[in-house]
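Student: The chain contents come next:
Protein chains: 2
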Amino acid sequence: DISTKQYGKVYASDPLDASRPLDTFARRHLGPSPDNVNQMLKKMGYNDLDSFIGSVIPPNVLKMRPLKFKSSPKGGFTEHEMIENLTQLGEKNKYKVKNLIGKGYYGTLLPPVIQRNLLESPEWYTSYTPYQPEISQGRLESLLNFQTVVSDLTGLPIANASLLDEGTAAAEAMLLAFHLSKKKKTKFIIDDNTHSQTKSVLRTRANPFNIELIEVDCTKTEKVLPLLEQKDVAGCFVQYPGTDGSLISGEILQKLADSVHSHKSLFIVASDLMALTLLNPPAKYGADIVLGSTQRFGVPMGYGGPHAAFFSVTDPLKRKIPGRIVGVSKDRLGNTALRLALQTREQHIKRDKATSNICTAQALLANVASNYCVYHGPEGIRNIAKRIYGFTTALANIIKSDLCPHSLVNETWFDTLTISLSSETASAEVLQRALNDFNMNLFKVDEHTISLSFDETTREADLQALLALLTGKENEIEIPNKLPEFPKLHLRPMDFLTTPVFNKHHSETAMLRYLHNLQSRDLSLANSMIPLGSCTMKLNSTVEMMPITWPQFANIHPFQPKDQVLGYQEMIKSLEEDLLSITGFDGISLQPNSGASGEYTGLRVIRTYLEDKGESQRDVCLIPVSAHGTNPASAAMCDLRVVPVNCLSNGSLDLDDLKLKAEKYKDSLAAVMITYPSTYGLFGNLVKDAFDVVHSFGGQVYLDGANMNAQVGLTSPGDLGADVCHLNLHKTFAIPHGGGGPAGAPICVRKHLVPYLPSHDVVEMITDPNQGNGKTKCIAPVSSAPYGNALVLPISYAYIKMMGTEALPFASVIAILNANYMMTRLRDHYKILFVNEDKSYKHCGHEFIIDLREYKEKGIEAIDIAKRLQDYGFHAPTLAFPVPGTLMVEPTESENLEELDRFIDSMISIKREIDLLVQGEPEGQILKMSPHSLQDLITSKDWETRGYTREQAAYPLPFLKDSKFWPVVARVDDKYGDTHLICTCPTVEEMSQE
Amino acid sequence: DISTKQYGKVYASDPLDASRPLDTFARRHLGPSPDNVNQMLKKMGYNDLDSFIGSVIPPNVLKMRPLKFKSSPKGGFTEHEMIENLTQLGEKNKYKVKNLIGKGYYGTLLPPVIQRNLLESPEWYTSYTPYQPEISQGRLESLLNFQTVVSDLTGLPIANASLLDEGTAAAEAMLLAFHLSKKKKTKFIIDDNTHSQTKSVLRTRANPFNIELIEVDCTKTEKVLPLLEQKDVAGCFVQYPGTDGSLISGEILQKLADSVHSHKSLFIVASDLMALTLLNPPAKYGADIVLGSTQRFGVPMGYGGPHAAFFSVTDPLKRKIPGRIVGVSKDRLGNTALRLALQTREQHIKRDKATSNICTAQALLANVASNYCVYHGPEGIRNIAKRIYGFTTALANIIKSDLCPHSLVNETWFDTLTISLSSETASAEVLQRALNDFNMNLFKVDEHTISLSFDETTREADLQALLALLTGKENEIEIPNKLPEFPKLHLRPMDFLTTPVFNKHHSETAMLRYLHNLQSRDLSLANSMIPLGSCTMKLNSTVEMMPITWPQFANIHPFQPKDQVLGYQEMIKSLEEDLLSITGFDGISLQPNSGASGEYTGLRVIRTYLEDKGESQRDVCLIPVSAHGTNPASAAMCDLRVVPVNCLSNGSLDLDDLKLKAEKYKDSLAAVMITYPSTYGLFGNLVKDAFDVVHSFGGQVYLDGANMNAQVGLTSPGDLGADVCHLNLHKTFAIPHGGGGPAGAPICVRKHLVPYLPSHDVVEMITDPNQGNGKTKCIAPVSSAPYGNALVLPISYAYIKMMGTEALPFASVIAILNANYMMTRLRDHYKILFVNEDKSYKHCGHEFIIDLREYKEKGIEAIDIAKRLQDYGFHAPTLAFPVPGTLMVEPTESENLEELDRFIDSMISIKREIDLLVQGEPEGQILKMSPHSLQDLITSKDWETRGYTREQAAYPLPFLKDSKFWPVVARVDDKYGDTHLICTCPTVEEMSQE
Ligand SMILES: Cc1ncc(COP(=O)(O)O)c(C=O)c1O
Ligand SMILES: Cc1ncc(COP(=O)(O)O)c(C=O)c1O
Ligand SMILES: O=C([O-])O
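Line order of the protein sequences matches chains R and E. First residue of the first sequence? That's 6 in our numbering, and the numbers climb one at a time after it. First residue of the second sequence? That's 6 in our numbering, and the numbers climb one at a time after it.
Among the hints, a few may not be true.
When chains are identical, the list treats them as one kind, so a pair holds in a single copy or across two.
Computed cross-link-like contacts, DSS-like style, restricted to lysine-lysine with a CA-CA straight-line distance of at most 30 Å [stated by the list, open to error]: (1) 966 x 335; (2) 966 x 980; (3) 933 x 966; (4) 228 x 187; (5) 101 x 578; (6) 933 x 969; (7) 509 x 966; (8) 14 x 509; (9) 75 x 487; (10) 664 x 618; (11) 108 x 782; (12) 47 x 509; (13) 782 x 618.
Because the hints were derived from the structure by calculation, they are not lab data.
Taking the hints into account, I'd like the entire structure generated from these sequences.
Tutor: What follows is the structure, encoded as structure tokens:
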């Protein structure tokens, strides 16, 4: 029931109905009141929501699938009930245990000032990827700091602003090397002393290209060098420190690098930034790429993620680096301004020539890590590392002594010791004792080998406990007064984090102000609507966000035994079931941690299924020309051939062209990738026909769920007939964008594909479909952690549970209503693409496209309108996607009528300015000069000659005098930045040279 | 040890010392690094901190008292250890119980969006009382909303911006009535159906004036009217709804009001705003004053406080209302601007003629309550009330039926039922069963009577539980489908919260933006130093603030039995012991909840002690002329005669004058009130002599601890020889100012005064010195709750425990260093009061006074400098206290050298502007026109004629271009606001009439 009446009920309960709570979350999540809804419907000529939706969504699509959610009331939990439920779940996780498991995930102390003022701050977590640099200087600065940390510690000049996790970062490095060889060198060496999950992800990603992974002990150069002689090795990968804790010597690293380089291949090092505060940077020994995780810089383990991976390269590789890079540029006034550099490398440009599909990354966590460094400073972090090393060495010394019956496997270490137990001692028994007697988790390497890793949280008492555990002598062994010192001989110089930002904000007061200052430069959902089409910038509610920083969810290691994570399991199972109910599918994997990763996973599942059926020749993927750049890029990652399918001028998919192509490639057709409603925001009625066509030629149907927010409860990928879809939890299901990540992108599949969903090698997946039945068909892992960005899953879980089955469909209904209302008011002023009473589409879906191409010949670009919107306090809609020269507007259901009207009024006011410019009036220059930063308004000397006043520039509409977000720089010069690439904090000299 | 070397140790631990944590809180709390300290000492000609302090503090004062803190390491807990410790304490409180105790404290649901973005936001909680309106428009608006809520619901036109609690609000009303009669009417009628704690506080406050409290059943007008006939009744006080839950009828209220008025006395009503969303406003029946608590509007019970009390009056009483009032005025440009109205009524003006000493109130909690109303809107709150009434009535109906063996005491109700148990049932037994079987706390009225109150958190299951409890029939009684409706006949019209602000921010997105918008208008410690002399605006660290919103501390009713609050008790005991160690005293009371309340309590203890000794004639209180206004005001509240003592022109107390006065009043000398270091910020060396003088004439010594931040670990009130002191936990011990409260102000006393510390009537104090030994000498309660603002005590507790005994003295040392460094740099540019190489004071203490009086004849006032500082992004120092025409600067220990220098550079730059103005240069007008709001900079038309540029106005120093806080209005017109008093949200008409 999606009638207006039902909306009224969902929105406001009867206070005298004792059986239902009074305050519902739906009322808080959904913007327009029932009165507003009637007003908006009237404006569009409808009487009721259901008749309105009935004329937006084709009848063969509008299924009104009945949702069923596990163990929550139909009306949804109230916010306070949700907190209770989450608290109960959290208590079922064993979170007070000391995790010494290591293997890429370490205890760390999130500084409380960063917790409260960054990780728990909507100003930080609700912002979008900083594509509009003038209103994003805060997080751009913070990400530049991140790159500086990475560059300084690895010794390589170019670093990106985060990748998804260490495993995928390693895979990106491998593929970079492979593509550098023009796909000719098909072997890749990995040191066997690498984290197991990293190897797994490498395996997954090597598979489509038939790259042969050669695992060797790289310390034995005599084994490696002959392999290189074959000249078919794209790269050599070592982990430093290794997974057993040991450190390859500098000489061997240098030797490996030299040999690799002599064959024009790449030398790649996975490393640990904490260790690198003591150890020489890998670049010193010739590394071309250094990558790893920054988790232990303040980011909670969170059952495996989200954490920011890092990736740095040599200068010659700078234009090959995957992911986003923040660069230093200038604004129109010549002031320093930051921006995303080299944006032309982004995926929507490269499409199927892409060598990486990464889009959303881990910006929020990168910002935590970079601010951890700002807070501690170089000395501070090094001291943490020294102490970790000191504790490790103190324990190692005892193990090596007569006091201990066991022996040490690794002879060198930073924080990790691998211990070979005396022959009569079983690992399982030691692990059990550690848990029972000392409340500690260690890692089981094999039946008689264990390992443990120290970290920032290690205390004297932990060392004491381990001594007792390993020697059986309680309190008898004295801990040295002073922990052993890291050998001076091997200590790197203090050549990192030397720029001022890392050396002045060490008090809480200073740090608070620094964070506040950064935050004040960024437009977020706390300021105004961010109507980015295809991005679904809806409310990220407080209750949804709360569990993120609860130790019950945050302090969980991904490799903790199953019986210690019952709360996570229950939550995950319930979320999985709810998402299956929403999508109409049979199986799900929560492992992919970005939309692009979901696409990759889905396509890999399809290909593996086809191979299993004996149809491995099927390697063509049909993709409409309107698709998002990640679609062809993901296909390319799977070594699929991308065949474009046309769209008609009315915005519909060209079904004839689809038939033609499907037929043409009938023997090699693997899949079609379709976004629905389309990337144009349209509910086409041929979608099922299209799917039938593909199926009839033996292909599988992949539905890109980016626009799922228009479908929930109204239709579903399952109902439409798709085989796979990914969901962007960070769009439809309320995970905040975090300024460019984290994401969450499960894939849901039909029954026949369930056996192929990704597995994990280190821990058993609670939901592994083949669990227990021996040989599995699962594709290998696509992420390092079994459940990807597990820590943000409670957000989507809470969103679904609080909306409940009754209200959730209204999220889609109101999203569609809001978009159509805006379009209706704006169509008198702007050309709307595809939607027109006379054409096929009378309505848009949950987003619509404003066509500005007609003004191009007058010298007006869509970007001018985007920038001018900043002067009205708004973030621009999506620029130039899916159609160049346009803006795509998606308001979401969370915006209320007042805000919609404010945006519409702003756009109408801008239309007046466009007209003035077209007419050649000097006032029209206001568009070209926008945005007007405060400094421009206050210090520029040319105001007399501008043809418009400061007031027109700054307060074009009266509401702005009440409240306005101010851009802090003027329009940023993109070209300058790309030609003068600086992607670390500039030194004072660099700044003054400019 | 306060050497520089020790500071180095305290600041940064040795990473290889396993026995100590690496990261200390001290390093985060204290601004200057050891390097900075050396630099600063050098600037002042010192080699070491200890020699520096030795020359600041007289040797007979500098005692270096050894601190001993309970159960925490010398080095202090680290932040994460502190979180663990607080977590453990919290778990010892029974916080998951359902509290139906009522009696002024009710369950409520703090909306998560308000929790995160207001109560947990440093931008809100670190700001000061909005004395500088141009940089405080956000919380001024929020407090105006609060006043509007109060005014609308009570029906009275004038409301203040909060008082401390319901009990003291009642006392303020009583004293207002008493003073209105020119102290001639010495009787005061209270309805016996009033909360017990309110009666107690009334008793306490009536005592000094010998006001006779007559407790009667006011529903029996035949008893009340004859009393009034006596013509000596100052006022009549009723509670509506009464403590038993019943509602006096409108007719009786009207009758009482009429009779009271016919004798020119005041009719005072204590009420509950939640009930008033249904009931007719007391003003309708003739109330002159309506007061109560706003706790149940979203503010956690917090074991008794802090909560905002409200207080509203009729128009004729508007200049008598105690506390702060926000009023609507205009800025220089004619734009609406808010400000504290009628500031000339503030205490420092009235001094001993004051009728109230209230200063710090409960701004932060008032803001929570007002935003709760913004979020829910009038309908929303009324719905909550309807539901509460519905549940209550459903239960009442069953109790009255045959199904229940017990009977109802009250015949009318809103949320509370008082139940007379069947004769064989004991209250204790029912309470025990409620707890054991249903996890509920009820209230024991007497052996066979209990009561219970419903609230916003009540659910159907609670009703079911109570039915089972009271009837013994589990699940047998059906709850009506629809809860009983509040009788339409008695329902007040929807005449409240009609202004737009209460009717548009009901979605979480809208609320988030509203809060963010308000916050962005306010300067807080998240922006820059707030160097308010006498206010100690130090760091309020995140960890200290965390427990505030933990249910473990927040969900505790002040009347929960002792064995349910073990965590609070342990924390309180430990805090008490630590504070006694710091002050050198023997006993303490945490009950007073503001500095002024502490003063009052201390003086009452002194007077009671003297009376007990048979010296009740002693009624003179000596107070230096430099004292804070609250000192004489508090003395006046105790009916003490204030005799001023002179100060010498060098800033010292005039010891001769003190001797003279002490001698003159030797028979009536009760006490002296001294602030040390003095309100001039000076460490005088005659303090002990002064105390000796007073003691020698039989007086007691009260030390105002406002400047305690210069004493901790260096000396103490006990060492100095005082008898009582109050501590401002909201200054020295890190409780944030919250934009004007909450506070915490324990009094500490020497042994002979311990027996007189305040008690509580409803619950046994865990620390009651006379506990168990029958008759007590305790003065009656000074606050409604046994431990005052208990919920904020963990802040001070954590501050002390994290600093530890070693670092805490450095808080004082660095505070003194910072002040002296600033003074040293500024004395080349400004006249510094009292401190001069040649005069008695070579150094200031932790604050110093800039004398601007010389410029007065040139037309330059201190306020011009204060306002101009806003253009430099700073909050002004304390203006005109303790000396008119001056600014008093207190940087605190939390500011680092960079920030101190930024402020100093700003002051030096302003000095240049002063010189220009003195020289008659037009550029000098920049001072007079300050602050320059954004609108002034952008829209004013007179820039050509100003004699200075926009850039000079906005960016007088380069650092401002990087980061600047902007005033949103120009200088506010004080006179206009006071002559056109509007203290509720103006209606659109009111706005347009102006
Ligand atoms: C249609 C579509 N597909 C895929 C993606 C990629 O998702 P992600 O950024 O999470 O990798 C997007 C992102 O905006 C999108 O709009
Ligand atoms: C010296 C002095 N005494 C007393 C007080 C009053 O304290 P409170 O505002 O907490 O009532 C103040 C406040 O600034 C003060 O400075
Ligand atoms: O409280 C003050 O008087 O500043």
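Student: Give a verdict on every hint.
Tutor: Here's how the hints hold up against the structure:
1. Taking the closest pair of Cα atoms, residue 966 and residue 335 come within 30 Å of each other both inside a single copy (28 Å) and across two copies (15 Å).
2. Proximity of residue 966 to residue 980 under the C-alpha cut-off of 30 Å is restricted to the inter-copy arrangement: shortest distance 25 Å between copies versus 34 Å within a copy.
3. Proximity of residue 933 to residue 966 under the C-alpha cut-off of 30 Å is found in both arrangements, the shortest distances being 22 Å within a copy and 24 Å between copies.
4. Only within a single protomer do residue 228 and residue 187 lie at most 30 Å apart by alpha-carbon distance; the minimum there is 26 Å, versus 102 Å between protomers.
5. With identical chains, the CA atoms of residue 101 and residue 578 are at most 30 Å apart both within one copy (23 Å) and between copies (27 Å).
6. For the identical chains of this complex, residue 933 and residue 969 are neighbours both inside a copy (20 Å) and across copies (27 Å), given an alpha-carbon limit of 30 Å.
7. For a Cα distance limit of 30 Å, the shortest separation of residue 509 from residue 966 across copies, 19 Å, qualifies, whereas the shortest one inside one copy, 35 Å, does not.
8. For a Cα distance limit of 30 Å, the shortest separation of residue 14 from residue 509 across copies, 19 Å, qualifies, whereas the shortest one inside one copy, 55 Å, does not.
9. In the homo-oligomer, the alpha carbons of residue 75 and residue 487 lie at most 30 Å apart only across protomers (27 Å), although the nearest pairing inside one protomer, at 55 Å, exceeds that limit.
10. Within a single copy, residue 664 and residue 618 get their C-alpha atoms as close as 24 Å, which meets the 30 Å cut-off; across copies the closest is 106 Å, which misses it.
11. In this assembly of identical chains, residue 108 and residue 782 lie within 30 Å of each other by CA distance solely inside one copy; the values are 26 Å within and 65 Å between copies.
12. In this assembly of identical chains, residue 47 and residue 509 lie within 30 Å of each other by CA distance solely across copies; the values are 21 Å between and 58 Å within a copy.
13. For a Cα distance limit of 30 Å, the shortest separation of residue 782 from residue 618 inside one copy, 12 Å, qualifies, whereas the shortest one across copies, 92 Å, does not.
In this structure, none of the earlier numbered hints is contradicted; all agree with it.
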